[in-house]
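Participant: This is what each chain is made of:
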Amino acid sequence: MKRLWWIFFLMIWPVLAVIVSLLTPQLQWGFPLSGQSDSPLGGEIDHLFYLILIITGVVFVGTHIALGYVIWTASNRPGDRRAWYTHGNHKLEMTWTIIPGLILLFLAFYQMRTWAEFRMEEAYPEAAKQNIVAEVNARQFEWRIRYPAPGKELQRKPQLDDMYGVNELHVPAGSPVTIHLRTIDVQHSFFLPTMRIKQDAVPGLVIPVWFEASEPGEYPLVCAELCGWGHYKMGAKVVAHPPEEFDEFMKKMHQAQFNDGFAAE
Amino acid sequence: MTSETPAHPDHSTDETHSHQAHGHRQSFITKYIFSTDHKVIGIQFLFTTIFLLLIGGAFALAIRWQLAFPNTQMPFVNKAFFEASGGQITPEFYTMLFTMHGTVMVFLVIIPILAGAFGNFLIPLMIGAPDMAFPKLNMMSYWFMWPAVACFGLSLFYEGGPAAGWTSYPILAALYDAAPGSGFAQTLWLMGITFVGVSSMMGSVNYMTTIINMRSPGMTFFRMPLTIWAMFITAILQAFALPVLTAAGLMLIADREFGTCFFVPAGITVNDAEPTVGGGQPLLWQHLFWFYSHPAVYIMLLPAMGMISDMLSCMCRKPIFGYRPMIYSMSAIAGLGFIVWGHHMFISGMNPALGMTFMVATIMIALPSAIKVFNWIGTIWGGHIEFNTVTLNSIAFVSMFIVGGLSGIFMAAVPVDIYIHDTYFIVAHFHYILFGATLFGIFACIQFWYPKMFGRMMSEPLGKLHFVLTFIGMNGTFFPMHMLGIAGMPRRYANPYLHEYLEHLLPLNQFMTYSAILMGAAQILLLINVFGSLIWGKKAPRNPWNSNGLEWVAPSPPPHGNFEEIPLVYRGPYEYSSPERTDQDYWPQTEHEIVSSSSTTTA
Amino acid sequence: MPFWKTCNFRCCCVPLLLVSLLAGLTGCERVDSQFRFSEETELLAPQAEQAVKQTLVANFGSPDDPRIPVFFPVERGQISLTVADFDPEKPTELLIEKPDGEVELVGKRLELLFDPEDAFDVQMEAMEEEQPNPLDGLDQLTIAGYDAETGTITLTQPLPDVELIEPGLELAAAPNSYLAEGERLYAQHCLHCHGVTGDGNGPTAQYMEPKPRDYRQGKFKFTSTGPQDRASDADLAHILREGIPGTYMPSFKMLPEEQISRLVNYVKFLAMRGETEQALNIEVGLDFASKVLEEELEDVTDPEEIQEIKADFNEELDEFILEVYPEIALFGMLDLADAWDAANDEDAIVYPTTARPEPFGPSVADPSRTSVENGRVLYLGKDAQCASCHGDAGRGDGFQTRQLQKRRDGSDYDVPGLHDDWANPLKPRDLTSDIYRGGRRPIDIFRRIHVGIKGTPMPAFGGKSLTDDQIWDIVNFVMTLPHDKGPTTSHPPAEGAVGMVGNE
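Residue numbers (this note's numbering), protein chains in the order written: chain A, 725 to 989; chain B, 351 to 953; chain C, 5 to 508.
Here chain A stands alone, though its shape is the one from the complex (with noise of 0.2 Å):
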């Protein structure tokens, strides 16, 4: 009786895992806010997660069957038969071998494209390489962005008629948009957890990101890089605005910007 309740000790935990991993998106512990991905490129990487999800599920199952059935069968021995005399089987080992190698190869391979497509500058769409919104310079604790002057393109020294904000990005949605990423001063990461996105601002570096927001709207944006005490209190939001109104919107901040407080009067 007590092998019995050794072996449902040990084996009721995957079969918790499984059925907690299952009920996570009703239980909202699964990705953040909608569950689905806000930018094009994010449900591919959704795509890609729930992938590899299904392949480890069916080897965390398949393994913890066979490990819970060699356990039974070897607990059930009888005390005077002895254990089988093996030293292994060369076929097996080459099975287990050759099989998961090639699934994992197959993995390997099957992500290539997305990684290129985030990161390789040659797979950018073409309006990410267009579309540069605005510098965003990471420092202990927040975004400080620079943009350009309506009409104007980002230029990598700062214009007299740049326009500056402070944890608020706005971009348009619905197409690709490159930001500039750097650091003045530690180590920070631009993520964006709806959207999939995130990357390093490295001190010294300038480096591009593009993303693209599907739909109007409010995004978050943390660091997700340890950045000193304050890590934690680098929030932030993109703001996606519809395409027709960003035009306006940025000429409206242009005029904010550069408000003297005398038409206040």
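Honestly, the hints are just simulated from the structure, not real lab data.
Do not take every clue at face value.
As the list claims (entries may be wrong) - Mimicking DSS-like on lysine-lysine, the simulated pairs with C-alpha atoms at most 30 Å apart in a straight line are:
{"no.": "1", "chain 1": "C", "residue 1": "K57", "chain 2": "C", "residue 2": "K295"}
{"no.": "2", "chain 1": "A", "residue 1": "K853", "chain 2": "A", "residue 2": "K726"}
{"no.": "3", "chain 1": "C", "residue 1": "K215", "chain 2": "A", "residue 2": "K961"}
{"no.": "4", "chain 1": "A", "residue 1": "K881", "chain 2": "C", "residue 2": "K257"}
{"no.": "5", "chain 1": "A", "residue 1": "K876", "chain 2": "C", "residue 2": "K257"}
{"no.": "6", "chain 1": "C", "residue 1": "K102", "chain 2": "C", "residue 2": "K112"}
{"no.": "7", "chain 1": "C", "residue 1": "K57", "chain 2": "C", "residue 2": "K314"}
{"no.": "8", "chain 1": "C", "residue 1": "K468", "chain 2": "C", "residue 2": "K223"}
{"no.": "9", "chain 1": "A", "residue 1": "K881", "chain 2": "C", "residue 2": "K431"}
{"no.": "10", "chain 1": "A", "residue 1": "K726", "chain 2": "B", "residue 2": "K888"}
{"no.": "11", "chain 1": "A", "residue 1": "K961", "chain 2": "C", "residue 2": "K257"}
{"no.": "12", "chain 1": "B", "residue 1": "K429", "chain 2": "C", "residue 2": "K215"}
{"no.": "13", "chain 1": "A", "residue 1": "K976", "chain 2": "C", "residue 2": "K225"}
{"no.": "14", "chain 1": "C", "residue 1": "K94", "chain 2": "C", "residue 2": "K223"}
{"no.": "15", "chain 1": "C", "residue 1": "K257", "chain 2": "C", "residue 2": "K431"}
{"no.": "16", "chain 1": "C", "residue 1": "K225", "chain 2": "C", "residue 2": "K431"}
{"no.": "17", "chain 1": "A", "residue 1": "K726", "chain 2": "B", "residue 2": "K889"}
{"no.": "18", "chain 1": "C", "residue 1": "K225", "chain 2": "C", "residue 2": "K257"}
{"no.": "19", "chain 1": "C", "residue 1": "K225", "chain 2": "A", "residue 2": "K961"}
{"no.": "20", "chain 1": "C", "residue 1": "K468", "chain 2": "C", "residue 2": "K386"}
{"no.": "21", "chain 1": "A", "residue 1": "K975", "chain 2": "C", "residue 2": "K257"}
{"no.": "22", "chain 1": "C", "residue 1": "K257", "chain 2": "A", "residue 2": "K976"}
{"no.": "23", "chain 1": "C", "residue 1": "K257", "chain 2": "C", "residue 2": "K112"}
{"no.": "24", "chain 1": "A", "residue 1": "K961", "chain 2": "A", "residue 2": "K853"}
{"no.": "25", "chain 1": "C", "residue 1": "K57", "chain 2": "C", "residue 2": "K94"}
{"no.": "26", "chain 1": "B", "residue 1": "K429", "chain 2": "C", "residue 2": "K57"}
{"no.": "27", "chain 1": "A", "residue 1": "K726", "chain 2": "B", "residue 2": "K814"}
{"no.": "28", "chain 1": "A", "residue 1": "K881", "chain 2": "A", "residue 2": "K976"}
{"no.": "29", "chain 1": "C", "residue 1": "K431", "chain 2": "C", "residue 2": "K410"}
Unchecked claim - Which chain C residues stay away from chain A? Per the calculated CB distances, all over 10 Å, these:
{"no.": "30", "residue": "T96"}
{"no.": "31", "residue": "E246"}
{"no.": "32", "residue": "G247"}
{"no.": "33", "residue": "T305"}
{"no.": "34", "residue": "T357"}
The C-beta atom is built at its ideal place from N, Cα and C for all residues, glycine as well.
Mind docking chains B and C on chain A? Use the hints.
Facilitator: Just chains B and C now, with coordinates in the frame of chain A:
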């Protein structure tokens, strides 16, 4: 030959070991403090690391407290530390906590308990040597851990302690002004790392030499137990990877103290200080650090894998399934382990093309791990198992390792890693490997080799209770971390609930904290078991588990010099249930013929 | 001999030690959150110190129970009620005008909002007649029951028979709930730098440069109000939202508007508490600091004489505390309340009287030059003397930064260079760094020059030494400063990024 405290055989004529005189006239200090005996050093390592495990665990509980009950008063320590902040934990204290938790657990607990405690104790015994090749070096390796402990300990009291994470990425770790604790505390921390490195280096040189040169007659390489193979491979890994970390550490110290600019680019302004000068590159640190620290992950795992193989085989009364594939896969892990460090840096801004190569290498490293798992399952298959503490912990090792290994694939896949990098998913992954696998392995090892170490058995009921509580607590703490990671909760956040999209995770975090408290409390049972059994434990016979290994031929505990006579080895260590032996289901490596079993059967 | 035999004793001890350690630690109590008193308060003569502390605790409570006299312009988040009738025969009952909608009153604290000066008179009168203070204990009133039909409130303790309680008297149920909410948010976001008391000395503050703001002087650097005015709510909220670039004050834009206004409210509360303490210390400390007595006793050696002087001092002090002090305290606080109230007036905000000219167009102040050129002339000139601190090239390295400056009490500071009112060393802004702490809109920079930066040596130029047109010229000049030179040090050269940057 049945007494457990045998008379000391006279070793004065034995020329194989060169250490100084021993025996009854040794003072307490030379015998137990500055001892050159590998067993005493191993036990010193064991007790030290258990002590440090408690400290690291206390850090972990403090972290969990903050995550479950942010901005409330922490029990026990509120008065001492948080008077100025009205009792609540401060964010810089939190950064210090997780930095030191990682540091202590990785550098002062897991690596030394595997290589230092069990490596030291088992290597000479299992290969039939009277001691290590360099006993004094061995002693130094233990005593070099203490300056490291002192450095880490002192650093806690300088300006809020080191606060750049256990990975200590520059610029945060390179500039004095970058963070609280980036002051002298960070330099102390780096010195501590250097000392740990020196300690490990001495150990690994010693292990390699001992294993190559001091095997007893008949102990060929392919008759060595997998434990020894694992220790051997680990020692090689350490010897090749550690110099890189030590060099990187010294470079960072130079950056901090002497104004070199290895890692600091020009024009960085921190804390209103003057902009930096110089043309360093912070990514260089990441490359150097992970070039060591990725192999270090295997240093923290391989020895446990080896020992688990030995214990499973013995507990199932069955030869290990696929002895050579096990060795090859361990070597493959070690070899591949050197070319996968970049998977810690997929989104760090290094050349994206490298991401592809590192991804393929990383995903392929899952293969040897999978082979090992299949072989362990194969070992249990058709065995004759009895559920004692050793078996339970070993099975838990396999089960937890499966989870940790599988979750590693998510991180290895670069696109998925874009999202889950630096979230709690990675925290879940490495805790499943380091706590789930390695620590359960260590619990099994303690129970298994305790009789040999101290001549007493550990308590079974206590051990089982400890296992059950730890197992529940561990899964309750770390499994939900996968969900936190998928929900996008970044690690190292002192208060994640400032962010709207994470607010709903508070109850889950509280559940995890309760589990962690349970797990922490369960370790009191381990303490009682380890220390109480010294006094109340049943006297252990020479070979309580009916195991084949050479260490069980020596008396329990073995005297100085280990064996009464140099053991001769006739076969591999896994001849359990051999049909050629009918009188007993094991066949010690030293027994040539089937002899009457009067001398070695259990009492 | 086996290992365990020798360490037998120690090994027993370890679990025992651990258990006792745990038991010992659980004895630790909670940290009581308390506002800290300033050093000056601690230096008062004991009775005076006692009185000041009592005033502060009675009027401002503690972090766990923040409260503030009703006349301070702070949102208290109360349920406002009005007395309809009060019958002294039934002192535990109070008839109120029924509030709109349903309100939950039972169990809430109730405050009677007397006119402060009337209440003061009542108390003084009672004291003169050597009667107990009738208003004592009224801050502990709790509502025991409420009959919504009749509008009758039952109280846990009887009300005194004073004329002040009459129809029309305003009541506040559950007062200070906004302050309590503000306290919670403050503890979460601000406390570890700015400190429990708002003294800018939280645990994290020691690692920061520049130091976090100490609210207790009521001085906030970047305001839109005049040079002598307090900060308006909008100014504080602006800083919370935008942060202060170049310092560790981050932007809290992620917080909803409601939380921002609670935080502003609480910060003002801390400032008012600190200012009250400071004002009382100045009033009381003049005559009754411990130092005063010590000075009097300095040359006296005769023990009897010492006793006499001490007795005199104490007698005088007792009299002061009984008769003068309450008035000083009340009217001091009323003045402060007025000052804070004024800051939110529309008139208090400074606007330019002329529009900003084009930077490279002709200057209004001196049409022979362009605006930027004229700004440059003014910058270097004698009227504004900007260059004396900010340097000829605007790098914040003027000669004043190398000279010893004087403290308020006339002594020299230890290190050369400028200092702020909190005695922290202060660097003049490097105007070429493209970092503007108080905001980078033209209006922000205009106000920096017009009203100065409070608590720092940056003076207010508006209306006195410079006309608005001249200020605009300087603004234009300052805004072009970061742009007429090569790559600044805060923006690393492009070479470091080759290979990583897309098409540019």
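Participant: So which of those numbered hints doesn't the model satisfy?
Facilitator: 2, 14, 23, 25, 31, 32, 34
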